[in-house]
Amino acid sequence: AQSVTQPDIHITVSEGASLELRCNYSYGATPYLFWYVQSPGQGLQLLLKYFSGDTLVQGIKGFEAEFKRSQSSFNLRKPSVHWSDAAEYFCAVLESGGSNYKLTFGKGTLLTVNP
Amino acid sequence: GAVVSQHPSRVICKSGTSVKIECRSLDFQATTMFWYRQFPKQSLMLMATSNEGSKATYEQGVEKDKFLINHASLTLSTLTVTSAHPEDSSFYICSARSGQGRNQPQHFGDGTRLSIL
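In order, the protein sequence lines correspond to chains F and A. Be aware that the first sequence starts at 1, since it is given in my numbering, and climbs by one per residue. Be aware that the second sequence starts at 1, since it is given in my numbering, and climbs by one per residue.
Treat the hints as calculated values from the structure; they're not laboratory data. Note that CB positions come from ideal geometry on N, CA and C, so glycine has one too. Fair warning: there could be bad hints in the mix.
As the list claims (entries may be wrong) - Only pairs whose alpha carbons sit at most 27 Å apart, straight line, appear in this in silico DSS-like list of lysine-lysine:
| hint | chain 1 | residue 1 | chain 2 | residue 2 |
| --- | --- | --- | --- | --- |
| 1 | A | 66 | A | 20 |
| 2 | A | 41 | A | 64 |
| 3 | F | 107 | A | 14 |
| 4 | F | 68 | F | 49 |
| 5 | A | 41 | A | 55 |
| 6 | A | 20 | F | 49 |
| 7 | A | 66 | A | 41 |
| 8 | F | 68 | F | 107 |
| 9 | A | 41 | F | 61 |
| 10 | A | 66 | F | 61 |
| 11 | F | 107 | A | 41 |
| 12 | F | 107 | F | 49 |
Claimed, not checked - One-sided excerpt, in silico: chain A residues whose CB lies under 7 Å from chain F:
| hint | residue |
| --- | --- |
| 13 | 19 |
| 14 | 26 |
| 15 | 43 |
| 16 | 44 |
| 17 | 90 |
| 18 | 98 |
| 19 | 102 |
| 20 | 108 |
| 21 | 109 |
| 22 | 110 |
| 23 | 111 |
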């Protein structure tokens, strides 16, 4: 089975500072990778995804992520964090499950933004 | 964009009752729907996958008789927690996809907070 590791359970940054959230995956073939954001009591919103091509992908809300096959990583970055970015962030990989493709999520990283 | 509506958003009920959660795709046909369970401060755990008109496929360790899933139409799937007990309290999230290709996006509902007293 595939797996996704988010090493940081909780990260605190100051507003305006840069952000990097780490994600490592285990997948035999070319992975389809995703980053989702979840506000408290809400569902998941897709920030960005990587399927193929350019390894640096741009997403919504000023986020970007870089796929590095050699490091099995897909880290999420933002140059300047806003207070509204405080939320839980999940990295996910799409894997084949019988007749369906299904998402496997990491445990998430909680982002706190200090004023 | 594609919208998935989940209802109710919150439900509180007594132990022993059954609770039904609805998941609707509002502007697309959801050939595949997924049900997840999320414990506090933890990740989403896939419970089951259902294709329209077929029986749901449950993940290992999920009791199919306890968590009944129906996907009778291309816009509606329901999860019924039967004879709910306090340990079933959790945040349940549905997700829907149109088509089965790897490139098909998966859209999430806003979740249902289930509290069993």
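Hints versus structure:
1. About 12 Å separates the Cα atoms of residue 66/A and residue 20/A, which keeps this hinted pair within 27 Å; it holds.
2. Proposed proximity of residue 41/A and residue 64/A is supported: the alpha carbons are some 25 Å apart, at most 27 Å.
3. Distance hint between residue 107/F and residue 14/A is unfulfilled; the C-alpha atoms sit about 30 Å from each other, more than 27 Å.
4. Only pairs whose Cα atoms come within 27 Å are accepted, and residue 68/F paired with residue 49/F is accepted, the gap being roughly 14 Å.
5. Note on residue 41/A and residue 55/A: the hinted pairing is violated, with a Cα-Cα distance of about 31 Å set against a maximum of 27 Å.
6. Restraint check: the Cα-Cα separation between residue 20/A and residue 49/F comes to about 32 Å, which exceeds 27 Å; the hinted pair is violated.
7. Of the pairs offered as hints, the one joining residue 66/A and residue 41/A holds, with about 24 Å between alpha carbons and a cut-off of 27 Å not exceeded.
8. At most 27 Å may separate the alpha-carbon atoms for a hinted pair to count; residue 68/F and residue 107/F meet this at roughly 20 Å.
9. Under the criterion of a C-alpha separation no larger than 27 Å, the hint pairing residue 41/A with residue 61/F is consistent with the structure, at around 23 Å.
10. Straight-line distance between C-alpha atoms of residue 66/A and residue 61/F comes to about 40 Å, which puts the hinted pair past the 27 Å bound.
11. Simply put, residue 107/F and residue 41/A have alpha-carbon atoms about 9 Å apart, close enough for the 27 Å limit, and the pair holds.
12. At most 27 Å may separate the alpha-carbon atoms for a hinted pair to count; residue 107/F and residue 49/F meet this at roughly 18 Å.
13. Taking 7 Å as the C-beta contact cut-off toward chain F, the hint placing residue 19/A at the interface is violated, the least distance being around 18 Å.
14. With a least beta-carbon distance of about 14 Å to chain F, the hint placing residue 26/A at the interface is violated under the 7 Å criterion.
15. Contact between residue 43/A and chain F, as hinted, is supported at the beta carbon level, the nearest pair being about 5 Å apart and thus within 7 Å.
16. At a threshold of 7 Å, the smallest CB-CB gap from residue 44/A to chain F is about 5 Å, leaving the interface hint in force.
17. Taking 7 Å as the C-beta contact cut-off toward chain F, the hint placing residue 90/A at the interface is violated, the least distance being around 13 Å.
18. Hint status for residue 98/A: violated, given a least beta-carbon distance of 13 Å to chain F, over 7 Å.
19. Interface hint at residue 102/A: satisfied, since its Cβ lies 5 Å from the closest Cβ of chain F, which is below the 7 Å cut-off.
20. For residue 108/A, the suggested interface contact is upheld, since its CB lies about 4 Å from the closest CB of chain F, less than 7 Å.
21. Taken as an interface hint, residue 109/A checks out: its beta carbon lies about 5 Å from the nearest beta carbon of chain F, inside 7 Å.
22. Hint on residue 110/A holds. Least Cβ distance to chain F is approximately 4 Å, under the 7 Å limit.
23. Given hint, residue 111/A at the interface with chain F, holds; its Cβ is 5 Å from that chain's nearest Cβ, closer than 7 Å.
Checked against the numbered hints given earlier, the structure breaks hints 3, 5, 6, 10, 13, 14, 17, 18 and satisfies all the rest.
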